[in-house]
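Participant: For the protein sequence lines, the chains are H and G, in the order given. Quick note: the first sequence uses the working numbering, first residue 23, plus one each step. Quick note: the second sequence uses the working numbering, first residue 814, plus one each step.
Any given hint might turn out to be false.
Here are a few chain G residues that sit away from chain H, every Cβ distance over 10 Å (derived from the structure) [stated by the list, open to error]: (1) Phe839; (2) Ile891; (3) Lys892; (4) Trp895; (5) Leu926; (6) Ile975; (7) Tyr979.
Residues of chain G placed beyond 12 Å of chain H at every Cβ, according to the derived structure [said to hold, decoys possible]: (8) Phe831; (9) Thr885; (10) Ile978.
Just the calculated beta-carbon pair ranges, DEER-fashion [said to hold, decoys possible]: (11) H:Tyr359 / G:Pro902: 47 to 55 Å; (12) H:Phe486 / G:Thr854: 33 to 41 Å; (13) H:Arg352 / G:Ser981: 46 to 54 Å; (14) H:Tyr143 / G:Phe906: 52 to 60 Å.
No lab work stands behind these hints, which were simulated from the structure alone. Where is the CB? At the ideal position from N, CA and C, for every residue including glycine.
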Amino acid sequence: MIVLFFGTLFGLILGVLPGLGPTTGGALILPFTMTLDPLSAIVLLTSIYCAGTYGGAITAVLINTPGTPAAAATCLDGYPLAQKGEAGRALGMATVSSTVGGIFSVIILVFFAPILAQLAYEFGQPEYFALAIFGLTMLASIGEGSPIKNLIAGAFGILISTVGKDFMTSIDRFTFGVNELTEGIGFIPVVVGLFAMSEMLTQSTLINQIFNRIALKAIKLPSKDDYKKTWKTILRSSGIGSFIGVLPAEGGTVASLIGYSEAKRFSKNPEEFGKGSIEGIAGAEAANNAATGGAMVPTLALGIPGSATTAVILTGLIIHGVRPGPDLFREQPDFLYGIFGAMLIANILFFIFGFFGAKIFARITLVPNKILWPMIFAVSVCGTYSLNQSIIDVWIMLFFGVLGFFMRRYGFSVVPVIIGLILGELVEGTLRQSLVIFDGNWFMFFTRPIALTFFVLSLIALAFPLIRSKKINRKL
Amino acid sequence: MKNVQKSKRANKSLPFFFKDEFKVSFIIIFISAILLITTFTFDIVPPILNRGIQPATFPKALLILIIGMTLTIYYLAIKNPWKVEKKLPKSFFLTLFSFVIFVIVSKTLDFFLAISALSIFVSYCWGEKRIFYLLLVGIIFPVIVFIFFETILGLRFPPGIITNIYYS
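Model the full assembly from the supplied sequences, consistent with the hints where possible.
Facilitator: And the structure:
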């Protein structure tokens with residue numbers, strides 16, 4: 023409970039600070055979780071995830087800068103409403119819809135994750151290989167940026183996972199004679215480097231940025247009229263968010279944009295959108311928080327991350343020796359129900375913190391970057407070093423920080439690298455074991471119905487961006 | 814919109830080897846090619862011990878895939894050039910330089926000193942001139958982090974000028 027309390031509080035602070043958010047924050051906290059038992063560690067990470075996703079709305083409403091990418095759609099109506107002197111009403115609606123979306127998605131998680139895990143019992147090595155390929159190709163269709171660039175980043179992530187001793191033959195690969203590399207490149211230096219250090223470099227290019235901050239008097243519960251206007255939007259966006267979250271890719275950001283556009287489509291007053299519509303805030307916020315539970319479904323049931331933050335949570339599970347999948351549901355149900363319960367409580371806690379502490383959290387945005395980021399650097403360096411007490415890990419983290427910065431600059435998302443790194447061993451391992459089973463016959467993959475279904479879905483996922491861009495071009 | 818058009822036009826007027834799409838594609842292909850060559854130096858498993866494919870096959874396939882996809886993005890960029898990115902400010906290069914200094918200082922002098930020096934340097938370069946805040950980020954906060962990791966998490970930091978004094 024203490025872990026949950028602090029996780030929610032910390033998640034809110036991270037969500038409020040632009041540039042940090044639950045993904046970077048989760049990456050920063052990952053080394054510290056090594057001192058906790060596995061359940062507490064994952065409870066900490068998931069509460070940061072839930073609260074951080076909501077926290078982004080506070081900054082979106084008050085300074086027109088999304089604290090997290092998932093809150094980008096909240097800016098569209100949250101800030102204009104705040105400019106009209108109704109910041110409290112905007113934040114009140116964001117808090118209520120985030121809580122409803124979050125709780126709705128936890129219910130989806132409780133029901134659907136065990137069903138999906140049950141289905142996964144039918145999976146052998148070839149099916150897992152096809153599933154991992156499907157997870158990677160989904161990055162092309164709904165990840166941010168160019169689909170091919172996302173695929174390159176994903177392939178690069180898998181390539182990183184091949185560094186070190188080959189797990190089947192113990193032959194060194196890409197170690198270049200460096201002893202420390204024989205164990206492979208750890209998750210934490212890569213995750214902290216790509217998220218925290220690359221963000222530090224990005225912030226170094228934005229030091230002259232000035233935010234117009236709107237003062238918050240008090241957060242207000244939505245009125246009866248507001249509830250009447252928005253309850254359908256909240257429920258619809260909760261459903262959309264949960265569904266998008268289940269798909270293996272960046273859940274929250276895509277979910278909030280779709281939730282927002284659907285709210286506009288169904289609204290009786292679509293002309294108000296972009297000018298301070300309360301429905302716009304409800305649509306975006308319910309969807310992005312609903313994506314949190316949705317994204318946990320494939321993460322826990324199949325070991326395929328549903329979003330960038332769940333990739334960090336999956337890293338946490340792996341470093342604590344917990345292998346997600348159907349066996350986890352059979353062997354450690356208490357562990358899973360601990361996570362479900364924690365997510366539910368985190369959603370209620372951030373509602374309470376949001377209502378009573380939004381004014382204080384809003385002040386956190388006043389901490390200047392020139393103070394904040396050097397401190398984050400100190401924590402990142404010590405955290406990365408602490409895992410193996412290896413200075414090489416710190417250098418690897420800095421290398422990935424610089425690499426991540428340039429990747430982002432030229433339109434390569436860093437999330438596929440993490441997902442590729444996590445799935446790399448699964449992809450290679452299942453491929454090689456399948457080939458042993460099939461006696462080297464590649465065509466045997468297509469004789470397995472489930473594997474074939476995933477391959478067809480992968481082809482659809484790859485073709486989808488092309489079809490979408492052609493449709494957009496035709497419309498233009 | 815006008816700015817984007819201007820920047821695209823500016824990008825078109827540059828020789829191809831100065832354009833971002835060429836530089837990025839070239840770097841990816843160059844590094845991938847070196848790594849691909851490296852895969853030929855991996856040990857080969859004798860047929861009797863080999864299960865499935867050789868250890869080098871999977872990375873080779875990945876690297877060929879990366880090279881192929883990079884050529885595709887370059888080909889697409891010829892038709893539809895990337896927008897020209899803004900020049901990076903001085904503060905970025907100073908931060909990058911501080912990373913290099915961190916690596917050198919942490920290796921040769923002291924890990925804690927390196928964190929402290931980088932924090933003060935970055936904070937100063939980003940515009941913080943007040944002594945108290947520089948001391949806060951450069952000394953007070955790193956000391957708190959150091960003590961937290963050392964005492965609560967039981968971490969032992971690498972030897973160096975300052976850490977040796979602390980441990981002795």
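Participant: Next step is simple, just say for each hint if it's right about the structure.
Facilitator: Right, here's what the structure says about each hint:
Chain H leaves phenylalanine 839 (chain G) outside its interface by the beta-carbon criterion, the shortest separation being 12 Å against a cut-off of 10 Å. Listed as a non-interface residue, isoleucine 891 (chain G) keeps its Cβ farther than 10 Å from every Cβ of chain H; the least gap is roughly 14 Å. With a closest Cβ-Cβ approach of about 13 Å to chain H, lysine 892 (chain G) is found to remain outside the 10 Å limit, as its non-interface label requires. Under the 10 Å C-beta cut-off, the non-interface status given to tryptophan 895 (chain G) relative to chain H is violated; the minimum distance is some 7 Å.
Consistency note on leucine 926 (chain G): stated as away from chain H, and its beta-carbon is indeed over 10 Å from all of that chain's, at 12 Å minimum. Distance check on isoleucine 975 (chain G): its Cβ is at least 14 Å (rounded) from any Cβ of chain H, clearing the 10 Å threshold; non-interface status holds. Listed as outside the interface, tyrosine 979 (chain G) is consistent with that label: its C-beta sits roughly 14 Å from the nearest C-beta of chain H, beyond the 10 Å cut-off. The Cβ of phenylalanine 831 (chain G) lies farther than 12 Å from every Cβ of chain H, with a closest approach of about 15 Å, so its non-interface assignment holds.
Taking the minimum C-beta to C-beta distance to chain H, about 6 Å, the non-interface status of threonine 885 (chain G) is violated against the 12 Å cut. Separation of isoleucine 978 (chain G) from chain H is adequate, the least Cβ-Cβ distance of about 18 Å exceeding the 12 Å criterion. At roughly 50 Å, the beta-carbon separation of tyrosine 359 (chain H) and proline 902 (chain G) lies within the given 47 to 55 Å, and the hint holds. A hinted range of 33 to 41 Å for the beta carbons of phenylalanine 486 (chain H) and threonine 854 (chain G) is consistent with their spacing of about 39 Å.
Between arginine 352 (chain H) and serine 981 (chain G) the Cβ separation comes to about 53 Å, which falls inside the hinted range of 46 to 54 Å. Between tyrosine 143 (chain H) and phenylalanine 906 (chain G) the beta carbons are some 54 Å apart, a value that agrees with the proposed interval 52 to 60 Å.
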